[in-house]
Amino acid sequence: MKQTLYDKIWDEHQVLVNNDQSSLLYIDKHLIHEVTSPQAFDGLSMQKRDVWNTETIVAVSDHNVPTTNRNLGITDKISKLQVETLINNCKKHNINYFDLNDINQGIVHVIGPELGITQPGMTLVCGDSHTSTHGAIAALAFGIGTSDVEHVLATQCINLKKEKNYKICINNILNDHVTSKDLILYIIKTIGTSGGTGYTFEFMGDCIDNLSIEARMTICNMSIEAGAKSGLIAFDDTTLNYLLKRKNCPSKIYIDNAIKYWETLHSDEGAVFENEIVIDADKVTPQVTWGTSPEMALSINEKIPNPENFKTIDKQQSYQRALDYMGLQPNQDIKSIMLDKIFIGSCTNSRIEDLRMAAQIVSGKEIAKNIKQAIVVPGSGHVKAQAESEGIDQIFIQSGFEWRDPGCSMCLGMNEDQLEPYERCASTSNRNFEGRQGDKGRTHLASPAMVALAAIKGHFDDITEHM
Amino acid sequence: MKKTIIKGQVIPINESNIDTDIIIPKQYLKSIKKTGFGPYLFDSWRYEEPGELDSKVSRTPKSKFILNKKPYSNGKILLVGDNFGCGSSREHAVWAIKDYGIDAVISPSFADIFFRNSIKNQLLPIKLEKQNIINLFSECLSSNQYELTIDIEKQTITSPNNEIIKFDIDANDKDRIMFGYDDIELTLKNKDKILSYENNMKKNKPWLFKRDNEK
Ligand code: SF4
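Chains as they are written, first to last, in our numbering: chain X, 641 to 1107; chain C, 58 to 272.
Worth flagging that the hints you see were computed from the coordinates, not collected in a lab.
Predicted model, so just to flag it, every value in this text is computed and none were measured.
There could be a bad hint or two in this list.
As the list claims (entries may be wrong) - Going by beta-carbon spacing under 8 angstroms, a handful of chain C positions derived as facing chain X:
id : residue
1  : I89
2  : E105
3  : S145
4  : R147
5  : K177
6  : Q179
7  : G237
8  : D240
9  : K250
Just so you know, even glycine gets a beta-carbon here, dropped at the ideal spot from N, CA and C.
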């Protein structure tokens, strides 16, 4: 039988098939963080249940942590309680936890791959929808709710119905200064935010083959924004070279066998995909979102759409609503919108390549007068240290950016990093939902290069014309 | 206890892509409990001022928002547009809906993780054809008082004028909604099979079973 990559990992992890045709799937790696785990541990202790295998779990605090003055600890009482709850649960169950001052600390989806905790062919879960990120390493990774977190803690397994396969084939290569962020925004715009519901994506084609693991992670990360819980990319030499440099890469005695297994992790020629789309990378231009859903994206040279031009009343209403929320007019030039804040960070774009890309653009220049605040939040302690060793922190600081400690920060604003009402932000994160970055805040998503340029200009502009 | 009937006022919100950030905003995710989220359901649509977890400060309800109007404020069934519950995997969204007193959500489509979280918490997600949804919305417009009766076991929705809509639901999901199983207990009945799978994998892929940082 010819199999897709998804079929292969699925079959490999199937413990049994239930009578309703769902499968009991074995989970190799479980990442946990402070926000979605306390109720799960609570559930365990109420039922007097144990954790199945504490060694498969890695814990970190990232969502709800300060990005300045770490030495003072967490000052917000409620946040502090949440983080301490995680610490206590980890102590109680002997779970590997990265403390706020540990160099390994960072956004859960940045540290997993970076430390080599994520490996090809694994099943990996986390109580967080952007777990799809890890698919870039050919791991079947998906977000789960807290009940499932508890289930995996207690049983090392999850009951799941298999999804359908969706092939996203991207031919050609991206133009200069067009990034994988632009590509994934373009894909989401093309298939819509529910286009992938019920499917597992596999991204393939020349374009993907030529991308780094970091760039691939940006794509898999935002699979969920198109409705797919997981996005996969096959194992190849790029994956291998990335892994060999990781701290937790299998040791010498295992590596040959591991590689032998990893090399099977691709879809067979002629495997069946229930859905398929072909994208021409050459046609992708820098993208910016204008609305309150990631599918509301435009090419930098387009104008804000006019809701009246849509056929259905539903769509007209939702577009009008988005325009109202965002404080925009139909047919406005996206370049004419003045910005208030700049956020470079999040599990989508806070890795070293992203920071290098942004730093190159701001180097020697200053952020525009109308920008009230510009922050760079590295994805992890290691990213931060690497950037500092390259002098990237200084480039940002000299341009007027604040250089922060790692965490989710203004991606969701659970800590103090938030937008004020009606402030407009150019952000490298993944969600432009209403209130996501702060109550009544307005988010425009774009690539690190585009956001860096926007910081200098005070508004969005076409990066391909400026380099 | 077996639960088969959900009966009550419908709360129509004709919007697509209602994400879990809208259902329950981030500041409430700081809670370490599963309960008490009802007052914060649709928080930014419901109140003029942003709120805070456990804050006693009173807020101004937005009079236009449906949950601030009778009889909707006592609603039991949420009627919404496509792709409900998209975005963040936060189960808090389902906890908030349940805690408010809503037992069923009717939509043309749900985001996958939200759907799963609903089943786990005995919140009934009903998927209907677009046309049925359009009809329900227009009937809701015709009268404020609009109650539906959902028979989970028979998989039917009965309207005030006794029209019946059938809905599909996976047999096991249906049992979970009616009985609220302890899934962990059920899975642990297969403990031997999980162990034997695991032992097998320890031989085949031993590198997976070394603790990180200790390889
Ligand atoms: S960076 Fe943003 S999207 Fe990523 S895990 Fe943190 S909050 Fe979620």
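Check: If you check each hint against the structure, which ones fail?
Finding: 2, 6 and 7
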